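Engineer: Quick mapping for you: the protein sequence lines, in order, are chains A and B. Sequential numbering of the first sequence, starting at 1, is according to this note's numbering. Sequential numbering of the second sequence, starting at 1, is according to this note's numbering.
Quick caveat, the hints were computed from the structure, so don't treat them as lab data. Remember, predicted model here, so these are calculated numbers, not experimental data. Treat the hints loosely; a few may be bogus.
Said to hold, decoys possible - 30 Å max Cα-Cα, derived BS3-like pairs, lysine-lysine:
hint	chain 1	residue 1	chain 2	residue 2
1	B	K74	B	K36
2	B	K74	B	K41
3	A	K113	B	K74
4	A	K113	B	K41
Stated by the list, open to error - Example chain B residues on the side facing chain A (calculated, C-beta under 8 Å, incomplete):
hint	residue
5	V18
6	V30
7	A33
8	R42
9	F44
10	P46
11	C54
12	L58
13	G62
Here a beta-carbon is modelled for each residue, glycine too, at the ideal position from N, C-alpha and C.
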Amino acid sequence: MQPAGYGTSPDRLDATFTALADPTRRAILARLASGEASVTELAEPFAMSQPAISKHLKVLERAGLISIGQDAQRRPRRLEGRPLAEATEWLEGYRQFWEGSFQRLDALLNEMKTPRKKRPRRRTTR
Amino acid sequence: MKNTGTLIVTTPSDREIVLTRVFDAPRQLVFDAFTKPELLKRWFGPRGFSLVVCEVDLRVGGSWRFVLRGPDGKDMGMRGVYREIAPPDRSVHTESFDDFPGESIVTTVLVEERGRTTLTATVLYPSQEVRDAVIDSGMEHGAAETYDKLAEMLLAATT
Numbered sequence: 001m002q003p004a005g006y007g008t009s010p011d012r013l014d015a016t017f018t019a020l021a022d023p024t025r026r027a028i029l030a031r032l033a034s035g036e037a038s039v040t041e042l043a044e045p046f047a048m049s050q051p052a053i054s055k056h057l058k059v060l061e062r063a064g065l066i067s068i069g070q071d072a073q074r075r076p077r078r079l080e081g082r083p084l085a086e087a088t089e090w091l092e093g094y095r096q097f098w099e100g101s102f103q104r105l106d107a108l109l110n111e112m113k114t115p116r117k118k119r120p121r122r123r124t125t126r
Numbered sequence: 001m002k003n004t005g006t007l008i009v010t011t012p013s014d015r016e017i018v019l020t021r022v023f024d025a026p027r028q029l030v031f032d033a034f035t036k037p038e039l040l041k042r043w044f045g046p047r048g049f050s051l052v053v054c055e056v057d058l059r060v061g062g063s064w065r066f067v068l069r070g071p072d073g074k075d076m077g078m079r080g081v082y083r084e085i086a087p088p089d090r091s092v093h094t095e096s097f098d099d100f101p102g103e104s105i106v107t108t109v110l111v112e113e114r115g116r117t118t119l120t121a122t123v124l125y126p127s128q129e130v131r132d133a134v135i136d137s138g139m140e141h142g143a144a145e146t147y148d149k150l151a152e153m154l155l156a157a158t159t
């Protein structure tokens, strides 16, 4: 299995993937994907203290995945797209590597399921 | 979480990559397609690549060897050893590339439900160094993802 490679710095990717390796942090990012939020708002859905959430936010901040917005009072966190886009792009290359294979496998499995009968015509060539 | 045909790629830890894909076929067929050379030759490899060598010694301790030939005529070899074989739902094998250092461990699990099979393949890299080498290997550039897709991926990884 061979994934794709890019000009992206491996260190940067490492920091991104390390930050993404935790379910709470992924949930925080998923929440921020729909708009910025304060620490209190982010802590709400989790059974976790605010300091514990703050710790996760620090990791995300260090990886450049989030930043702190203008509002000095609320200090809202917001998603920083670039490192995530780089990481996702890398994954997308990986995904494409396999998707080409799996589409052919779909056709093969279809054929294996209907061994001797007439093969359905609906699957036209690409 | 999705229907047949959607490949989901997640990174549950910094050394792992997990592929999840649903196939509209019973798991015995999927297992066969992953382990029988005459079947593997018909689908394995990205578009434009062909599997010119495919040897499988399907037993614990048995080895496998694939060579993929690219559209530019360049060959890419990979090999490994089977560590666990439990047809039709589970296998574990090692995997290494001729051109890259290190060996990864691939755990494949097939779960069948109402005639459809969910494949989960977990690739565990030995170290970040190896993953970096893989990242630097320079295959074709993928299309950039939209935030929507990204959010979906993150949610999928969260649940």
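Engineer: Now tell me if each hint is right for this structure.
Structural biologist: Going down the list of hints, with the structure as the test:
1. Taken as a hint, the K74(B) and K36(B) pair is honoured in the structure, with Cα atoms around 24 Å apart against an allowance of 30 Å.
2. With a C-alpha separation of about 17 Å, the suggested pair K74(B) and K41(B) falls inside the 30 Å cut-off, and the hint holds.
3. Straight-line distance between C-alpha atoms of K113(A) and K74(B) comes to about 34 Å, which puts the hinted pair past the 30 Å bound.
4. A C-alpha spacing of about 18 Å is found between K113(A) and K41(B), which places the hinted pair at or below 30 Å, so the restraint holds.
5. At about 11 Å, the closest approach between the beta carbon of V18(B) and any beta carbon in chain A exceeds 8 Å, and the interface hint on this residue is violated.
6. Interface hint at V30(B): satisfied, since its Cβ lies 7 Å from the closest Cβ of chain A, which is below the 8 Å cut-off.
7. Against a cut-off of 8 Å between C-beta atoms, the interface hint on A33(B) holds, since the closest Cβ of chain A lies about 6 Å away.
8. At a threshold of 8 Å, the smallest CB-CB gap from R42(B) to chain A is about 5 Å, leaving the interface hint in force.
9. The interface hint given for F44(B) holds, since its Cβ lies 6 Å from the closest Cβ of chain A, which is under the 8 Å cut-off.
10. Residue-level restraint check for P46(B) holds (minimum Cβ-Cβ distance to chain A is 4 Å; threshold 8 Å).
11. Taking 8 Å as the C-beta contact cut-off toward chain A, the hint placing C54(B) at the interface is violated, the least distance being around 13 Å.
12. This hint is violated: L58(B) has a C-beta 18 Å from the nearest C-beta of chain A, more than the 8 Å allowed.
13. Violation of the interface hint for G62(B) is found here, the shortest Cβ-Cβ separation to chain A being roughly 19 Å, above the 8 Å cut-off.
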